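*Asks:* In the order they appear, the protein sequences are chains A and B.
Take the position in the first sequence, starting the count at 1, then add 229; the result is the number in the working numbering.
Take the position in the second sequence, starting the count at 1, then add 351; the result is the number in the working numbering.
Please note that the accuracy of each hint is not assured.
From the structure, some residues in chain B lie toward chain A, with a derived Cβ separation under 8 Å [stated by the list, open to error]:
#1 389
#2 415
#3 416
#4 418
#5 422
#6 446
#7 450
#8 467
#9 471
For the record, the hints were derived by calculation from the structure and aren't laboratory data.
Just so it is clear, the structure is predicted and the values come from calculations on it, not from any experiment.
Cβ coordinates follow ideal geometry from the N, Cα and C atoms, glycine included.
Residues per chain, in single letters:
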Amino acid sequence: MVDFVGWAMPINYGSQIDEHHSVRSGAGMFDVSHMTVVDIRGSEARPFLSRLLANDVARLKTRGKALYSCMLNEAGGVIDDLITYFMDENWFRMVVNAATRDKGLAWLEWQADRFSVAITEHHELAMIAVQGPEARGAVHSLLPADAVDDLLEIKPFTAIEHGNLFIARTGYTGEDGYEILLPDGEAGPFWNALLDAGVKPCGLGARDTLRLEAGMNLYGQDMDEDVTPLESGLAWTVAMKDDRQFIGRPALERQQAAGLRNKLVGLVLEGRGVLRPLQPVMTAAGPGLTTSGTFSPTLQRAIAFARVPVGAQDRCTVDIRGKELPARIVQPPFVRNGKTCDGIL
Amino acid sequence: MSDIPSDLLYRESHEWVRQDEDGTVTIGISDHAQAQLGDMVFVELPEPGMSYEQGDACAVVESVKAASDIYAPLTGEVIEANSALEDSPELVNTDPYGDGWLFRMQLANAAELDGLLTPEAYAEQAES
C-alpha cells in the first residue's frame with residue numbers, strides 16, 4: 230500500500246503485469262474512490278462551465294453525456310483535467326483528480342463567484358472502475374434487467390443512473406468498461422460481487438501502465454500549470470472554433486501566434502531497457518524530456534511520453550543511466566481495445 | 352513469509368551469496384526483495400572481467416514499478432553473468448535462488464564473507 234494524497238492505495242494486489250493483462254483480455258477493477266466528485270447546480274451552470282473549461286460544454290446536450298476537458302489558468306496552464314457529465318440544464322457533474330482536489334476546488338469556488346451556481350463535493354460517493362472486454366458483461370450480471378437494458382443502449386462516454394448507482398461508460402485504460410459511482414457503504418459488497426463474477430482486482434501500478442499504453446495523460450506528470458494543453462497532446466480537447474471566451478484562451482492564442490515550441494509525443498525504445506519519467510531525450514530538433522515512462526506489458530517494449538521540440542520526428546535517443554539508447558517517435562495511443570495501434574511497432 | 356534458504360549469506364541491501372565449491376560465489380537477490388520490487392522486466396548485469404569493491408553499485412534490476420541498484424556484496428571480479436535474464440528477467444521473480452541468479456564473482460578477500468548476514472540475521476531484518 231502507498232499513500233496517495235491521503236488515500237491508502239495498493240500499487241498491486243498480486244502481479245502487476247497479470248493485472249494489466251487481465252484488463253486487456255478479460256476484466257479488471259480499480260478502487261478509484263480517491264477521485265473527487267463535484268456537482269455544479271444552478272441556473273447558470275452551463276455559462277459557468279462554458280467560461281471555466283477549455284472544451285465546450287455546448288457539446289453536452291443529452292442526459293448522461295460526458296466531456297473530457299482541461300481547466301486552465303489565465304496563462305493557459307493546466308490546473309486539472311476532468312470529466313463533466315450533463316445531467317440537466319441546472320445540474321452538471323464533474324469528476325476531478327484527487328491530487329489536485331484542493332486547488333481545483335478552490336479555483337472552482339473562486340470562478341463560480343460571478344455565476345449563479347452552487348458547488349457540492351460528494352465525499353460519500355465511492356468509485357469503482359471495471360475495465361476490459363468482459364467488464365460490461367460482468368457488471369450487467371449484477372444488475373436488474375431494466376438497468377442492463379439501459380446500459381446496453383448507451384454509447385461510450387455516456388452515463389446512466391440506476392437507483393444509487395451512477396454508471397458511466399468511461400475509463401482510463403483504453404478498454405471498454407464502466408466507472409461506477411456508488412454510496413461508500415455499498416462499495417464493499419459491490420466489489421465483492423464483482424470479484425465473485427470473475428473480475429480481477431488491479432492496483433495503481435496496472436492503472437498507470439494501462440493508461441500510458443492507451444495514450445492518456447496523467448496530471449502532474451504529462452501536464453501541469455506550467456504547460457498548455459497545446460503542448461501536452463491535448464489540442465483536441467480545446468474548442469476554439471467559435472469566439473467562446475474561456476479562461477486561458479487569450480494565452481493559448483498568443484502561444485499559437487508565436488508558434489508552439491514543444492509537443493508531447495510517444496516513444497518506443499528500440500532495444501532492451503525501461504523508460505521512466507524525466508529521462509533526457511535528444512532529437513534532431515533539439516533536446517526534450519520524458520514525462521511518463523514504463524515497460525509496456527502488451528508490447529513487451531519500453532514506452533514513454535516525451536515533451537520534445539515541435540520539429541522532432543522519426544527517431545531520437547534517450548539517456549538511460551548515462552547510455553544513449555535509440556527510440557522511435559510515435560503518435561499515441563500505443564494500444565487500444567487489446568490491440569497494438571498502427572505505426573507503433 | 353518469504354523464503355530465506357539456510358545455506359546462503361545475505362547483505363542488508365537484499366543480495367544473497369552462495370559459496371560454490373570452486374571458491375567462487377554466486378550472487379542474486381532475495382525472495383523478499385523480488386516480492387517487494389514486483390514483476391521484473393529488465394536486468395542490467397555487470398560485464399565479466401569487471402572488478403568491484405564491496406558495496407559498489409554493479410547491476411540494475413528493473414521491475415514495472417522501479418529501477419533498483421544491486422550492490423556488489425563482496426570485493427572481487429565478475430566472472431560470469433546470467434545471460435538467461437536478458438530474455439527472461441522474470442526468472443528473478445519465479446526462482447530467485449535458482450535460475451534467477453544474477454552473476455558470479457571471484458573474491459579478492461574471502462574474509463569479507465564473515466561480515467555478511469546469516470540467514471537468521473537477514474530474516475530478522477527482512478521482517479522488521
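*Asks:* Which hints, by number, does the structure contradict?
*Replies:* 5, 6, 7, 8 and 9
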